[in-house]
Amino acid sequence: MKRIGIPRGLYYYKYYPFAKIFLTELGAEVVLSPETNKEILDIGSKYCIDDACLPVKVYHGHVYFLKDKVDYVLIPRFTSISAKEYICPKFGGLPEMVRYSIPMNSPIIDIEINLYKNKFNLYKSLFSLGNMLGANPIQIKKAINKAFKTHYVYKKDLLNGNLPAVLIENKKPVKIKTKSIVGIVSHPYLLYDSFINMNLLKKLSGRCIKYITPEMIDSQIIDNLCNELEKRIFWSSSKELIGSALYMMNINRIEGILLLTSFACGIDSLSLELIIRIANKIYNKPIMMLTLDEHTGEANFNTRLEAFMDLVERRQNLDNNLSPYGRGIYCSERNIR
Amino acid sequence: MGEAYIAVKGIFDNLGIKSIIAPFTTEDTLRLGSRESPECVCLPFKITLGNYIKSIEAGADTIVITGSCGPCRFGYYGPLQKQILQDMGYDVDFIIIDPPKENPLDFLHNIKKLSNGKTSKAIKSIYDAYKVCIEIDKLNEIQYYVRPRTKNKSIINNIMYNFKREVLDAHGTKEIIEVIKATGNKLLSIPIDKNTKPLKIGIIGEIYTIIEPFSNLNVEERLGNMGAEIHRSMTIKHWAENNLIMPATGRKGYKMEKRLSNPYIPVLIGGHTQQCIGHAINYANLNYDGLVQIYPMTCMPEIVSRTILSQIEKDYNIPILYLIVDEQVGEAGYQTRLEAFVDYLRERKYNHKLSEKF
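Here the protein sequences come in this chain order: P and U. The numbering of the first sequence is my numbering, which starts it at 4 and goes up by one. The numbering of the second sequence is my numbering, which starts it at 7 and goes up by one.
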């Protein structure tokens, strides 16, 4: 039985159930790196080149942990995950970045995920991976179907407001008395990695604040909102962020928006700026951007977060819930241009 | 963007549209641009935004910018810069020319809008501009050849300074080509020492930062003055050939680069990663003494190329200097690193020769 290592970073939170079912169906053993910790971050930033962003550095740390412990390390080359859209170029070059930065003996499986033109490429890559594991085409087809099924169930569970930690790692969901709801706009690899974001979700729950993440918003809604923009957005990840931010701005129950980004993130530098510029015009509620990197101190992160949460709470306490004459000062307009 | 303004000026002159070339990029331009730009965006965004502001202040009412829909951030420059300029209170017309495959009708519409309805003339003047690019490349190559071989470097600086002024006075592609040719002849008449064997350094990296001399702090001039003959991997002509002319005639661009870079990066991931790697290997095969990679901070494709280049350094035994530029770059530190690199290359070459002798 072949042991295949999957690093717990980047799109792990999006595609782990798919990969796990596919590989185990074909008779491979999946080995997962541990949750991100200080050691992994340190090793990652030691081996990765210095001007990469935090999630990529963390990813290097996870690969370092897995190397020589497994037969193969699965580092897919994500060129594109939906039609006519790309992801960040760093995702496309990820196998190369790891291969030339970390000296290791276990070979890398670098199948290409490219849905830019059609879905055929994905099947081709999956079949080549299955062949490598010694399975016959019928088995592979079965595994693919099962994996897709799991993936859709997982996606639906996320949409219903469950967290990857609950779904993948069987942790107990936190039940809280909800006082207010805020929206968090961020990439899954920052949002669900509780070490990188310094337990952001737990801190919010501790103050009885519920949150909505981009994964909890229907992709159809996101598509429609993004179509209103002047130019189509050609990055899937950026589209998710901009679309969900626009959605959150229109929902009156959401009391504020938190933007979470990592330093030197190429795509966020443009998309979050666009969100903030739109918000300046049409949005009258608290909006804050937090930037993370490996030097971020927890104390000042907490201070800013607390200020944000205080603001959200205070606004709610001061709100008299009487309908004002004319237009309310807190309601937003539906014209984003 | 480097010498592209000369070609673009030619196009508009031929079409009879008055164009305002942004004043040459200075510290002030960059300061204006970076004040309004997002913090982590790459240097070209900041410089171009500064240039727009400067040219609006000089009286421009329409800004023309090309776009793309590739994974590089450049594709989304236009919409965001438009938004920023609007927020700053400037009222300008923004024409974003996206590649024809994205939306052919929009492309033709934009060309028509730009050329006042004379589409065929516009296409002809684009071809004329391509000829200008060829001449500019020749001029640059003369400069690269002459600079390390002559004693008096200031004469070259003088000629090139005058050239920049004269070319702005020239009208239309024909006159521009004449000015370029005259400048080339002037450069060729400078006395040179043909026996010197200068170091050969190739410049690779992100296309904007290697073409625009302000953004890379005149690296070509600096290296040339230190006695190195340089070669720049990407030029406007090179770009036009591979992105406009070859696809238009049904050929595929960047063949050599793709073939050479294939063992290291087999697919296109965006930006010019394949080209950067391909050129690095090409220079190594041509026995260059060293390479300089220049890219703006946080440039996504070039970060990937850089990790691969560290392997090429070992495989092909060629030293590479990595220079990352942004608005905080200090000139002195830059100069020191270049000097150290050139000294190292010279020593390396000398030792190599010695070891061959014995």
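Some hints here could point you the wrong way.
On the chain U side, residues computed to face chain P include the following (Cβ under 7 Å) [unchecked claim]:
{"no.": "1", "residue": "85"}
{"no.": "2", "residue": "276"}
{"no.": "3", "residue": "306"}
{"no.": "4", "residue": "310"}
{"no.": "5", "residue": "312"}
{"no.": "6", "residue": "313"}
{"no.": "7", "residue": "314"}
Pairwise CB distance ranges (calculated) [stated by the list, open to error]:
{"no.": "8", "chain 1": "P", "residue 1": "71", "chain 2": "U", "residue 2": "92", "range": "53 to 59 Å"}
{"no.": "9", "chain 1": "U", "residue 1": "256", "chain 2": "P", "residue 2": "120", "range": "16 to 22 Å"}
{"no.": "10", "chain 1": "P", "residue 1": "314", "chain 2": "U", "residue 2": "92", "range": "41 to 47 Å"}
{"no.": "11", "chain 1": "U", "residue 1": "92", "chain 2": "P", "residue 2": "223", "range": "25 to 31 Å"}
Derived by calculation from the structure, the hints in this document are not laboratory data. Computed from a prediction, not measured in an experiment: that's the story for all the values here. For each residue, glycine too, the CB sits at the ideal point set by N, CA and C.
task: Could you tell me whether the CB distance from residue 92/U to residue 223/P stays inside 25 to 31 Å?
output: Holds, at about 30 Å.
Hint status (Cβ of residue 306/U to nearest Cβ of chain P, threshold 7 Å): 4 Å, holds
message: Please check whether residue 314/P and residue 92/U have a Cβ separation lying inside 41 to 47 Å.
response: 28 Å, violated
Chain P contact restraint for residue 85/U - C-beta distance below 7 Å: Holds, because the Cβ-Cβ distance from residue 85/U to chain P comes to roughly 5 Å (cut-off 7 Å).
message: Restraint: residue 310/U near chain P, CB-CB cut 7 Å. Satisfied or not?
response: 3 Å, holds
field: Hint check, residue 312/U versus chain P [nearest Cβ-Cβ separation less than 7 Å]
entry: Hint on residue 312/U: holds, closest Cβ of chain P at ~6 Å, below 7 Å.
Restraint check, 7 Å cut-off on beta carbons, for residue 276/U near chain P: 4 Å, holds
query: That 16 to 22 Å hint for residue 256/U and residue 120/P (C-beta), does it hold up?
result: At 19 Å between Cβs, range holds.
task: Mind checking the CB of residue 313/U against every CB in chain P and telling me if the closest is under 7 Å?
output: 5 Å, holds
- prompt: Cβ-Cβ distance between residue 71/P and residue 92/U: within 53 to 59 Å?
  reply: 55 Å, holds
- prompt: Does the CB of residue 314/U sit less than 7 Å away from some CB of chain P?
  reply: 5 Å, holds
Going down the numbered hints, you'll see the structure goes against just number 10.
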